[in-house]
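Undergrad: The numbering used here puts the first residue of the sequence shown at 1, with every later residue one more than the last.
Since the hints were derived computationally from the structure, they do not count as laboratory data. It should be emphasised that the depicted structure is a prediction, and the values quoted were computed from it without experimental measurement. For each residue, glycine too, the CB sits at the ideal point set by N, CA and C. Each hint should be verified, as a subset may be incorrect.
Each pair of labels, with its calculated beta carbon distance range [claimed, not checked]: (1) Gly133 with Glu54: 33 to 41 Å; (2) Arg31 with Arg123: 15 to 23 Å; (3) Arg98 with Ile10: 15 to 23 Å; (4) Arg98 with Ser35: 30 to 38 Å; (5) Arg98 with Thr121: 29 to 37 Å.
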Amino acid sequence: MQTWRPPQKIHVKVLGLAWQGSRLLAAEVTRDDGSVKGVRPPGGTVEFGETREEALAREFREELNCGIAINGPWTVFENLFWHEGARGHEFIFAAPIRLLDESLYRRPEITLVEHDRSVWTARWFMPDALPNGWELYPTGLAAHIRAR
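Produce the complete structure using the sequences and hints provided.
TA: Structure representation (structure tokens):
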């Protein structure tokens, strides 16, 4: 079974950093064999003509059916990576957010539905204590989180 592959062009991505105390909302990133290799906060691609704020709000409406409030400064960094043998290149805009649906903070698991109908499960993770050697994606996000 083949999973997602990075497109062979530069993408601009937005990520929403929703915190529950010291826990970050993130979805599992899997290998082709289905094993988990790490987690990534929810978000997605900035579409042509959208601001980063509009893109982040749209992604959370689409994936979690939830509004958000940005409650801190944006972090911006470049992410060059490999996933299952394919090269990826992204510019990441990440912002701390508050989920406007307060009930999501009480749920141990949240189902995310992508525009292509793929389904992911997000949970609240401690970024510095991920299980089984998992990594926080995108690479470089952990350094920005530690500075918060």
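Undergrad: Starting from the hint list further up, note which numbers the structure goes against and sort them upward.
TA: Failing hints, ascending: 3, 5.
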